[in-house]
Amino acid sequence: MNAGSKDKNATRRAFLKGAVAAGATVTGTAALTSAKAGPDPLISEVQEWASGLGDGVDATPYGLPVRFEGDVIRRNVEWLTADTISSINFTPIHALDGTITPQGCAFERHHSGAIELKKQDYRLMINGLVDRPLVFSYADLERFPRENHVYFCECAANTGMEWAGAQLNGVQFTHGMIHNMEYSGVPLKTLLNEAGLGEAGNLADKWIYVEGADASSNGRSIPMEKALDDVLVAFKANGEALRKEHGYPVRLVVPGWEGNLWVKWLRRVEVANGPVESREETSKYTDTLEDGVSRKWTWVMDAKSVVTSPSPQSPILHGPGPLVINGLAWSGRGSITGVDVSIDGGMNWRPARLAREGESKALSRFYLDVNWDGTEMLLQSRARDDTGYVQPTKRQLREARGENSIYHNNCIQTWWVRSNGEAENVEVS
Amino acid sequence: MSKSLRLYAVSGLATAFMLTVAYNLADKSIVEVPENPRVMSNAPDSAYAIAMAAADTVFMDRQSMLGLGREALRQEIDAWDLDVSPDGTGLPAGSGSVADGEVLFSDKCATCHGEFAEGVDNWPELAGGEGSLADEDPLKTVGSYWPYLSTAWDYVHRSMPFGAAQTLGVDETYAITAYILYSNDLVEEDFTLSNGNFLDVAMPNADGFIVDDREISEAHFWNSDPCMKNCKESVEITMRAVVLDVTPEEDENESEAHGENAISSPGAETASVDVANPGDSAAAPLDGKLIEAGEKVFKKCKACHQVGEGAANRVGPHLNGVMGRVMAGIDGFKYSGALKEMGAAGMTWNEETLAAFMSDPKGYVKGTRMSFNGLRKDSDIVALTEYLRSFSQWDAAIIQ
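For the protein sequence lines, the chains are H and C, in the order given.
The opening residue of the first sequence carries number 1 in the working numbering; numbering runs sequentially from there.
The opening residue of the second sequence carries number 430 in the working numbering; numbering runs sequentially from there.
Calculated from the structure, these hints are not laboratory results.
Please read these numbers as outputs of a predicted model, since none were measured by experiment.
Ideal Cβ placement from N, Cα and C applies to all residues, glycine included.
Treat each hint with caution, since some may be false.
Some chain H residues flagged as far from chain C (calculated, every beta-carbon gap over 12 Å) [to be verified]:
hint : residue
1    : Ala37
2    : Leu42
3    : Gly196
4    : Asn238
Below, in silico cross-link-like pairs of lysine-lysine (DSSO-like), each with a Cα-Cα straight-line distance of 27 Å or less [to be verified]:
hint : chain 1 : residue 1 : chain 2 : residue 2
5    : C       : Lys795    : H       : Lys119
6    : H       : Lys119    : C       : Lys729
7    : H       : Lys118    : C       : Lys763
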């Protein structure tokens, strides 16, 4: 809806082409010019910033990224949904490194818009088959023993637009429905124990139903076994309060399981005899197979990886020579044990280097340092996790599920990197 | 070593805690955590007193009950615990007919879902698609896909209409659900849905689901020895994303413009543009600051109303060129009878009428479909008016 501004701007593709052609001064990653051209004025001449003064403290009491990084932002795909109120946008993973996603650019998914809910107005109810139905204030939650954990949150629909073919030309759009944060909060188990599970009897066949305070409620059912395992009622992410768009003041964290279960603005946990079979677990977030039968309760996110750079939004701008191929890998079943990278479309693979030992249900960063000869590459990555699962190819996945699953597409992604450094989303035989 | 830390706690107290925990786990009954027994009081010297104060702070076992929160009242549980399960658990008594549902649906749902539940634009289709699930392009609707009727009832009751959730009564919800069934040819037109016959309605795709079987059907994805060398003879590109060309484009100047410049509203950009209709109230010079303030106020409206390029009718009509427009003036939008009458009487939207409507929507247009409760601050109304005025040059004719 940003009227009238589009025609003034070059398209992204034109921008990238220009950047590649011009040796890429635009992104600030230009290779140094040869010393033959004489001294670099950035060195030989006194620059303004080396003589004058910069901003004082408090210029920005809460800091934002420097303006040169202004393109590292969430983006949405307008044609995907009817309205941004019930929609999704994408983390700019092509431009990030490490594993922690800054909250400000972590993808958003709302079903009735991001609501504003004050801590003072916050209430969490626990009811159903409990000994004492309880209401907690936000302040109450902060008095329970707390834990810290890093977990990825991936929307089940991540890569969902790619089932029928290569469609979106950018890793932000193909794989950006993911973020990874350090959460501080109270184990749900602690709160359930506070309410008492005696009334529930045998816990093996019991469920919880969780819902948010927004109009969608986004209610979901979760088996008690998971609820008592590692589910967290979180109020801080990456050290600071959750952002409004991520459920401030309190959201549910359901490690390794699809993002839709991570109910934002969490307001109620009900202990029940069975699943509610809400809209979000029947009409949506169920995976239709080729024969028209659909899988339900496909909560766990399969192991997956993707090369984030080079990629269509992050072309190689420096020409042949040393090149850092890097990407992300994760598994909802446990830790990443290794990532293999292929530059020839999956004919041959070599193990990449994990920046750190894989952590359970959290993103891993991998690197492969190569000396690029400037020839075309068909770049792929393949994740392995500690259960022995190996990320499948797109063909393998289609053979197992058809093309109409929408959700849980964890196939191997291919980027066609051209000799000029540009990259494109493609499928290969 | 025990996980629990009970430093400083006298052993008797620690034992009391452990017993409490054990009792809780064994019998799941309510046990009050005993008051901390005072070990010693009136200590003779101050250093000793400090040591004793610390002794009263007990380091808690993480599994123990803390006595936090308060009991949830019955009325509170009733207010929030609304979910309805497939077996009818949670379903309140009531009923509603297809005929009543048709009127309600047309009034409250059709803007997005279509008069026949066929869906408008990208909004969900609720009817049709029977037998299409194995097709190349399946159509998933309440009739063709949803396994349980409770899901539809529950969702309509709690989360619909979009932008006015939890405004439908129990009987209205039965009626709308009945109409959705009717539009899927699942019931006759004289049907009335009630809690009495709710479980008798057969959903066509009730048996169309299996529980996640990936670990069995995809067991071959677990592979201790994945191929590393010469895994296939050749590789060819079979499909390219640029052929489709559906990737959103990025603005070249996003990088520089991310700062305060990027906040400039579409309205502000048009501030210097000549307005199409002189003589119209929209022709007065625009105030950029006010427009910016108005854009913020408009956040309250945009769940239902669109403005600017490509704006279309949603739950509410688009608001391009609303200033000066005859009330209920967009052909094809389903206005309330009350607003249509006002329009027929020649009333138009101007600063005065819009202010009256915004300050008390239901009072100014008795019977309006707009669920919004109005703006309390006059300054917000003035800003919103200016913001809407900035979209006056958008020609409503080019917008569907």
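Now the hints, each set against the structure:
1. Every C-beta of chain C lies more than 12 Å from that of Ala37 of chain H, the closest at about 27 Å, which supports listing it as non-interface.
2. Remark: the non-interface label on Leu42 of chain H is consistent with the geometry, its nearest Cβ contact in chain C lying 20 Å away (cut-off 12 Å).
3. With 12 Å as the threshold on Cβ separation, the claim that Gly196 of chain H sits away from chain C is violated: the shortest Cβ distance comes to roughly 6 Å.
4. For Asn238 of chain H, the requirement that its beta carbon stay farther than 12 Å from each beta carbon of chain C is met, with the minimum near 21 Å.
5. For a cut-off of 27 Å, the pair hint linking Lys795 of chain C to Lys119 of chain H is broken: about 36 Å separates their Cα positions.
6. Between the alpha carbons of Lys119 of chain H and Lys729 of chain C the distance comes to roughly 21 Å, so the proposed pair stays at or under 27 Å and holds.
7. As the CA atoms of Lys118 of chain H and Lys763 of chain C are separated by approximately 36 Å, the hinted pair breaks the 27 Å bound.
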